[in-house]
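**Student:** For reference, the chains in residue letters:
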Amino acid sequence: MIDALLSALPLVFEPANLFAVLLGTVAGLVVGALPGLTVTTGIAVLIPLTFGLDPLFALGMMAGMYNGGSYGGAIPAILLRVPGTPASVATILDGYEMTKQGKAAYALQVAVVSGVIGSVLSAISLIIFAPGLVKLSLLFGPAEYFWVAILGLATVASLLGDDFLKGLIATVIGLLIGTIGTDISSGTERYTFGLLEFADGLDIVVLLSALFAIPPVLMMIEEALKTGMPGDLLKLKRQGSVLADWRRYLPIWMRSSVIGIIIGVLPGAGGSMSCYLAYNDAKRASRQPETFGKGNPEGVAASEAGNGADNAASLIPALTLGIPGSGVAAVILGGLLVHGLRPGPQLFAEHPDVVYGFMVQMLLSAVMLAVVGGLTATRIFGQALRLPRVVLAPVIMLFVTVGVYAVNNTMFDLYTLLGIGLVAYMLDKLDYPNAPIILGVILGPIAESQLLLAMTISGGDPMALVSSPMSMIMIALTLFVLATPLWTVWKQRRRSSVEPAK
Amino acid sequence: MAVNLNPSRRHAEVGFAALLLGAAVWAYVEAGNYAGQSGGYPRVLAILLGLSAIILAARTLMGASAPDDARLFDHPGRFVVGLGMIFLYVVAIDVVGYILPSLIFGIGVPMLLGYRHLQLLLPVVIGILVFIYLVFKVMLERPLPPDVLDGVLRAIL
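Line order of the protein sequences matches chains W and S. When we follow my numbering, the leftmost residue of the first sequence carries the number 54, and every step to the right adds one. When we follow my numbering, the leftmost residue of the second sequence carries the number 230, and every step to the right adds one.
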């Protein structure tokens, strides 16, 4: 490994390849920050553009695009409450609250530093542990994946907000939306109204935009404020330095990164689950869990570190086994194939300089993100908040409509956006939390399909769900996640009953 | 009896719970048409949604969580204007294309709401539309809704 790494380094640090990483990171930031454009789209567009170029130049752009796009999604999430990517939803919970409190610049700082730390640790784990971590992912079959999805759903307990019943309703709505489309086990179309557009389910970009972009736009119009945020509130240094508070964030960065790396290694689990799990863990470990969701920067740190840590780790099964763990990994696999590189164990033997070079580029792009994301993009995008709110509202709509249309090239998605957006506005007005809906939509289908698969393989024996040690570990973790809020409530009640007695 | 377009929060809570209950009943009945195991999971979810909606409505009617005097909308007139403009904007995109409706929407909404600072409004909206066109259409070659201005833009770029 060391020899391959040393032979790859000179290639990675060639000026053209360095420029490719920088270019990819900048492009990724723009793509991630624009609602409707995903990292997958960005890389898919890159592949034909890089055809015929040096593989490390092409892969450098992809590495930059991946890390840049991953952080880019946090920018509109924090500033406008519009998640650039599904993985940014957990960032909204505290990030947008911080913006409302005039701490947007600090929230962006927390996001970029946390994302960089998660991405760097993930890239290091990719370089060092790739062969070993693959063995971990091979321990997961359908039963274990079912429990991973249940574990993800259990994190809803920390996202429910103040009203348990409304949180539960939001989760069930998400799970029901997740059933829309063709049931892969029987081929039956569920809740599609006979429309071909719903056959593959509701598009996540349309749903995200409707849930998170339409309500704030309507609320901004309702408020009709003719002023924007004062420039002073957007100056990075004025609100303090995240690095100066490193002792506060270090445990969160470490734990969230480990969570992100583990989830990233599991094919199919995906970045959105890692940020929710990391958020849940930070809230559980906090001395003030009640401040989460109300503008606690630790929530942003956990979500973004978990999200960043998922990036390089999700490439581990892709590069070593040829199994794409996420949509982005699938597109990157396609990019490798275009350049004549066949993913799998032989890739490390046949092209060690390219594969290790790509891993180093993932690390390099994470470091570049600190400079490009922290110093430049954050300052530029932050200026959007200086626009009067009454101008900002239609501007958001311009981005949302073009982004939603671009997903499937159909007006149907825009009308769907309108319909769901109106319901989302009512949900918002009546204080239903939105994040559990997304969690239900993403994890519901995984849980259902993996459960059916596990039952089919075992001939209908339910004991198959609890027969492996890994399943038991997942069940124990789920119970732990569910029990923590109950434990906290019990402790608080006990404390409040003891204090008056004193 | 006159219909109040800005219901109290309590009425809105109960009304929305009733809508959720209706949706749950429909989802349950509809799932009955699905073959084999396909209907089981959605039916369980529909029951859960229906029960939760009933409990929520009962809690609101019996409890004091939503005060009677609080209204659902702070500014119902502006809400109707905003919703109407967004609806017209989407329909106009369908008919005319992206550019012209976006220009009118971007400038029209703030002006309708009393913002008259055109020195800021015009450059911001036009600049953003140029940025969107360059990034989506020119650089990334993503499709935009078919536009009456397509011929003109092709000639310019």
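Because the hints were derived from the structure by calculation, they are not lab data. The beta carbon of each residue, even a glycine, is placed where N, CA and C say it ideally should be. It cannot be assumed that every hint is accurate.
Claimed, not checked - Which bits of chain W does chain S cover? Going by a derived footprint, with three or more residues having C-beta under 8 Å, they are:
#1 253-261
#2 332-338
#3 357-371
What the hints assert, rightly or not - Chain W is faced by these chain S residues, among others (derived, beta-carbon under 8 Å):
#4 Leu249
#5 Leu250
#6 Tyr257
#7 Ile315
#8 Val325
#9 Ile357
#10 Phe365
**Student:** Against this structure, judge whether each hint is valid.
**Tutor:** Consistency of the hints with the structure:
1. Residues of the segment 253-261 of chain W lying with their CB closer than 8 Å to a CB of chain S number 0, which falls below the three-residue condition for coverage.
2. Only residues whose beta carbon comes within less than 8 Å of a beta carbon in chain S count, and the segment 332-338 of chain W has 0; fewer than three means the coverage is violated.
3. With 0 residues bearing a CB less than 8 Å from a CB of chain S, the segment 357-371 of chain W misses the requirement of three and the coverage assertion fails.
4. Annotation: interface hint on leucine 249(S) holds; nearest CB of chain W at approximately 7 Å, less than 8 Å.
5. With a least beta-carbon distance of about 11 Å to chain W, the hint placing leucine 250(S) at the interface is violated under the 8 Å criterion.
6. A hinted interface residue such as tyrosine 257(S) counts as satisfied when its beta carbon comes closer than 8 Å to some beta carbon of chain W; here the least separation is about 11 Å, so the hint is violated.
7. Interface hint status for isoleucine 315(S): upheld, as the beta-carbon distance to the closest one in chain W is roughly 7 Å, under 8 Å.
8. At its closest, the beta carbon of valine 325(S) sits 12 Å from a beta carbon of chain W; the interface hint therefore is violated under the 8 Å criterion.
9. Interface hint status for isoleucine 357(S): upheld, as the beta-carbon distance to the closest one in chain W is roughly 6 Å, under 8 Å.
10. Taking 8 Å as the C-beta cut-off, the interface hint given for phenylalanine 365(S) holds, the closest approach to chain W being about 6 Å.
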